[in-house]
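Student: So the protein sequences, as listed, match chains C and U.
The first sequence lines up with residues 1 to 600 when you count with the numbering used here.
The second sequence lines up with residues 1 to 600 when you count with the numbering used here.
No incorrect hints appear here.
Since the list gives no way to pick one copy over another, a pair counts as held whenever it fits inside one copy or between any two copies.
Pairs of lysine-lysine, DSS-like flavour, derived with a Cα cap of 27 angstroms:
no., residue 1, residue 2
1, Lys573, Lys556
2, Lys495, Lys573
3, Lys592, Lys271
4, Lys144, Lys75
5, Lys271, Lys573
6, Lys205, Lys229
7, Lys530, Lys229
8, Lys530, Lys271
9, Lys252, Lys163
10, Lys191, Lys252
11, Lys190, Lys205
12, Lys343, Lys82
13, Lys205, Lys191
14, Lys80, Lys45
15, Lys346, Lys75
16, Lys426, Lys7
Calculated from the structure, these hints are not laboratory results.
Just so it is clear, the structure is predicted and the values come from calculations on it, not from any experiment.
Spelled out from the first residue to the last, the chains are:
2 protein chains.
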Amino acid sequence: MQTIDFKQVTITGGFVKYLQERNERVSIYNVYRRFEETGRFRAMKCVRDDEHRSHIFWDSDVAKWLESAAFILAKTQDAKLKELADAAIADICASQREDGYFNCYFQVYEPENIFKKRTEHELYCAGHLIEAAVALHESGVDEKLLAAMRRYADYIYDRFYVKKDTAFVTCGHPEIELALVKLYQTTGEKKYLDLADFFIEERGKHSEEGYPNMNPSYHLDHVPVREMKTAEGHAVRALYLYIAMADVARIKGDAQLAEVCRTLFADIVNKKMYITGGVGSSYHGEAFTFAYDLPNNTAYSETCAAIALALFCDRLAKIENRAEYHAVFERAFYNNILAGESKDGKGFFYVNPLEMHEAGYDYNEWLRTKLFYPIPERVEVFDCSCCPPNLTRTIESIGSYIYGTEGDQVYVNQYISSETSIGGAKICIDSEMPFGGRATVRVEGQANLNLRVPAWNGGVRMKVNGRTQQPCIADGYIRLACDGDIEIALDFVIKPRFVYANENVWQDCGRKAVEYGPLVLCAESADNGKNLRDVRIRSLAGAKAANGEYFTLDVKAERLHTSEALYSYEAPKTEACTLRLIPYFQWANRGKGDMQIWFL
Amino acid sequence: MQTIDFKQVTITGGFVKYLQERNERVSIYNVYRRFEETGRFRAMKCVRDDEHRSHIFWDSDVAKWLESAAFILAKTQDAKLKELADAAIADICASQREDGYFNCYFQVYEPENIFKKRTEHELYCAGHLIEAAVALHESGVDEKLLAAMRRYADYIYDRFYVKKDTAFVTCGHPEIELALVKLYQTTGEKKYLDLADFFIEERGKHSEEGYPNMNPSYHLDHVPVREMKTAEGHAVRALYLYIAMADVARIKGDAQLAEVCRTLFADIVNKKMYITGGVGSSYHGEAFTFAYDLPNNTAYSETCAAIALALFCDRLAKIENRAEYHAVFERAFYNNILAGESKDGKGFFYVNPLEMHEAGYDYNEWLRTKLFYPIPERVEVFDCSCCPPNLTRTIESIGSYIYGTEGDQVYVNQYISSETSIGGAKICIDSEMPFGGRATVRVEGQANLNLRVPAWNGGVRMKVNGRTQQPCIADGYIRLACDGDIEIALDFVIKPRFVYANENVWQDCGRKAVEYGPLVLCAESADNGKNLRDVRIRSLAGAKAANGEYFTLDVKAERLHTSEALYSYEAPKTEACTLRLIPYFQWANRGKGDMQIWFL
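Whenever a hint applies, use it, and build me the whole structure from the sequences.
Tutor: Structure representation (structure tokens):
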């Protein structure tokens, strides 16, 4: 399947338009401000600054911000944003070495170690700069950075692929691979694809430098990629690599590599994914752990990892379209990814726990600072601030994941209010999602439509030009040949539903979550007080949904109350109560407190 | 209440006799062998050994072994054991410095730092050596070590109390305080009590050296002892201090200090104690954490901490007797403490989790080695091997916790088959505990008996000289004036019972444990396969107890089974099963596997 790029898609209203407007008005500027204050933008000048010494990954922070700006500037005429972007681009280009190399840390603080430390993110940073350059070019915003980054890519090609004179073969943090594929697609220059292919295939075949006390899977060195059978190691690194593997498999028609990607995807979604679409169960190594290990209160579920999972879904769908890929994309987007940002667009979560106990948080000061433990409130910037600009670029480019084509088939994969033209047809979607299940799809012209049926639906009702019609569903899509103007009114009935985790997920045994359409719901102290683990929901009958400042679902529940004693022979008494649930992605916007997804 | 020392008590049979025989035949020698192999005994010669470089706490390991040997030699004529003990004593005495100082690490490797590093256990080691010396003297085994340790104590008194020329005031790890009280009680020398008092009262009043990144409570420096209101910090350090505080409060009649001890005890047993009597919820700092934080799978519950809690109970009962102290002692002894040793008497647990997931264990290699994470199998020796000799000395001296007197009242606090003489009366106990609830108490002579009624009993039946008699129960004791020979047949009816944790213990919400008399039961994979978190017990009706190689209780239960999917809208199906429970203390004797205490 080919997807329709967001630049050919107009977001016309609804929830995603709200998200993008917040992003354009608030987030992009607030991320800029905090990056500027912390020295990241000044660092692009490559001048020693002992007060704000560069970090090894600052290039990538600025690059993802530039990529976000490119996506915004593709559709708005925000002169102020353009000016900020131009200044950063100018600094990077001016600081780039004659030979093409650019890195704001190594050039200034460790020039003697350029391409000597594979754990220090040099090629990762290069990858994000290349992605930014491609985005700026594709958005018609800037050509200078692309020219500069082609020179850098040529330099990398020369040193790693031709001369092989570097101290390592593959970067500790994958990213360059997927960026080189983009550069190849934009420039048509095959050497970039060859280099991506080289970095992918060489991985796991050398005994290279890693962090002490870390499993080789942390750097994805545990095995050559074609022998990978399970998702292992640092979740973001793993998924960035899988994305590139899927890209190369598709471009080169490599069936074996595509099958590896499908196997890894199956391992993730069947054994290692939170109900929120989050991945990476452990803060130790920010890593995938073992099958069915999905602790809620210590979930790592990095925002970047959920974004990477969504991108991997997109790449798999491009190899061979399956409704499941879009269902996982939807789960990750409306739950883990969106939870990464505060309601005001200023704060961000790096770690996205599925359960919060404020008492534990208050106690674990040491754990938090040392080990990136879950925190109950979003912050504006992190020392390692990869997630905020990853969110801004994702929200801005979400239009890319709505439509697709394959031969003469047209796919609607996400119900996001938008319009586009495919072939001769114009398609408009007007959707209530994620808070409602109704969507109208209007087509002008001819198209063989395939409308995805969300797995969460409680029954599909369809009217075509006002007349009820029984949908023809195959492989998770409603198929409908449209010829001439047509209006399809879809109602994917939303019933709040219990979700049960597999019996092997010991952290969720005997518990259930509540979903409302694509949304995973949670309860917070702000509505429900403390001790949310003690709440039992026996039935969702009579649950009342309401859409105010927050979407809310009020359900009948009961609380277990015990005697004062620490241990007692008396069974707890139950007290009837109304439990207010809100979407998980909206949690932690009303001060600190407890939060719960899995109930008795 | 005054307790009757174990040397005046003969263990006559039953479970504790079995434990002691195993201890005398196997454990004491196996601990010796592993301590010898690892260099601990040779280290007492204070000769540099670069292959087996001493650790700072090795003196205490040998000291606790010597104390155990003293307790054994008080009743057996084990010539071989005597020889091993004599050799160690001779080495210590020969290595002791002229001025009285002794430390196998500092004398050899850092003589320039003697009494300069408060975090390095010097006074802690001195304390254990003093305890060993007192035990050897009281057991009639040896006088040399007591003479040597008096000289050492005098040296400590001189430097810390008189000259105050040391780099610190109090030791990072309490222990010296309680040892000095014992030395005072044995020698009658008041300066040792004064020194104990000094170390207790000065604590928390100075800004002293601690470990970086550790809360001051780790070394019990967070507050002066009289201001302590909650149990904080490293659990063993805290409890060793509390024991000494209770000792001094009793000896000096200090009501305020006694009240502090009672407040700390209440905080522990009402908010911070596992159902097994374990304390210290976190491996970070081996510490008490916050109220109701009792994670099962990551429980630290160090064996030494449960022993220390039992000793604290004993000291509190000596201030003012309360049945609750003996109930907590019993809980800690029959559950957490005994779980510390393997069935064959050779292996030991340092950490005693209340839940084990083998899959998690297999994965967490890194966590285990770095952070002393729970392991599913006992080992013979640890790098820091404090627990094994602490267990051997505790099992051997358990007779001290059975009987007590207060004025003309005689107390039977634990039903352990034994006999003793108190005043003019001879008392014999013949008991089934912990596996049964019946006990016979025979008295020859006159005594005002107080027989503790265990809180777990499901009804008390009593016959006096064969005739049923309604027991007169007050404050948790059956009161009975005996004059002449009398036989009291007690039956504390044991019914398997559900226990519920307080609603604030979020890890146990919606779950229940099963107790059988004083025993907390658990299920293991060896009997029940995997996925024990999915097991629901609705009722204990029809539960069948049996006493074979293991005590077993078979109960009707059901397992929850889900579809293969990671998440599903289908509620799990239930499958009836028989769940075999065994005493928690017997877990992990049949290979690795899962273990569960709290069930749905």
